[in-house]
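From just these sequences and the hints, can you work out the full model?
2 protein chains.
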Amino acid sequence: MTDQDYMALALKEAQKAFQADETPVGAVLVDTLSGKIVAKAHNQTEHGQDVTAHAEILALRKGLKKLSQKRLWDCDLYVTLEPCAMCAAAISFARIRRVVFGAFDAKGGAVESHIRFFESPACHFRPNVKSGVNNLECGQILKDFFKTKRAKNS
Amino acid sequence: MTDQDYMALALKEAQKAFQADETPVGAVLVDTLSGKIVAKAHNQTEHGQDVTAHAEILALRKGLKKLSQKRLWDCDLYVTLEPCAMCAAAISFARIRRVVFGAFDAKGGAVESHIRFFESPACHFRPNVKSGVNNLECGQILKDFFKTKRAKNS
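So the sequences go chain by chain: A and B.
The first sequence begins at 0 in numbering that gives the first Met the number 0 and counts up by one.
The second sequence begins at 0 in numbering that gives the first Met the number 0 and counts up by one.
Since copy identity is lost for identical chains, a pair holds within one copy or between any two.
In silico DSSO-like cross-links for lysine-lysine, where the CA-CA straight-line distance does not exceed 27 Å:
(1) K61 <-> K39
(2) K15 <-> K61
(3) K64 <-> K148
(4) K64 <-> K15
(5) K151 <-> K11
(6) K39 <-> K69
(7) K15 <-> K106
(8) K148 <-> K69
(9) K39 <-> K64
(10) K69 <-> K151
(11) K106 <-> K69
I should point out that these hints are in silico values taken from the structure, not numbers from a laboratory.
Treat the numbers as computed from the prediction; the structure is a model and nothing was measured.
Quick look at the structure:
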C-alpha cells in the first residue's frame, strides 16, 4: 500500500468522527515491517469529554497496548491533519519512525505551521515527516464540518 | 492552603512514582472555587506502557471525568516539573486557569525553558503561570531518582 492508500484509511476514520459530530481528524498506525494496520482512531474530544483524545493520541495509546511495547520504533503514523504540539511531542516520545500528515493546520499545527516541534531543542527524537498527502480531501472534510457547524449555530 | 502546600501534595505524588520506579513527577488539580483537590496523579509511563501517561495528562483526564466537564475553567494545576510540550498543550486545551510548577526542565520544558508554548501563536488559551514553587525539593527527587538509576545500571 502507498502513503496515499494509508491516508485514505485515515480519512475514513475522520469521516467516522464527522458522523459522530467530532472534529473530523483520523489516524492510522502502521507496522512498517508487516505493512499491517496496528491501530485506527478518530478524534473523540467532545463525546469522550477528554481534551487529550486527539486521533493521534488515541492511535498511539491503542498501538502501544496492542503491541505491548513501550515504544513504537517500527511504526509509521498517518494522520489527516498536521499534529498539534501535544500530539507532536507524544509522537516523539513514542519513537514513531515516520509521520505522514494530510492537511496543514495554520491555527495550531506544530510540525511545519508553527513551533516546528521536531526541530526544537526540547525534542529528543525526531521522526521523519511527510506532509500534504491527500491534502485536499483531508482539508475539505474539516471545511465541510465547520461550515455545517456554523450553519447550525446561525 | 498556599501554593507551597498544594505543591507539597504534588511532591507526595512524585514520591509515589519514585517508589513505583517511575520518573518522579506528581500533579494535583485544584478547584479554586472550593479549594478542594479534584485529582491527583503521578507519572506512569513505564508500567502503564503509555508514553502519554505524564502526571499532568493523567490529572487532567481524571479531573474532566470527575467533574463531568469538557473544560476545567476554575481549576489550577500544580505539577512538580515544568510541563513538556505535550502537557503544556493539553493544559491549554483544558482551559486550566493557572499552572504552578516546581522544578525547571532544562531538557524538555516547554513553558519557560524551551518553546514557551503558552506565548506561541499555536496556543489559543494562555493560563497564568507561576514557576519555581518548592523548586529545590521538586528537583532533588528527580536527581535522586536518576542517581539511583545510574547506580543500578553501572
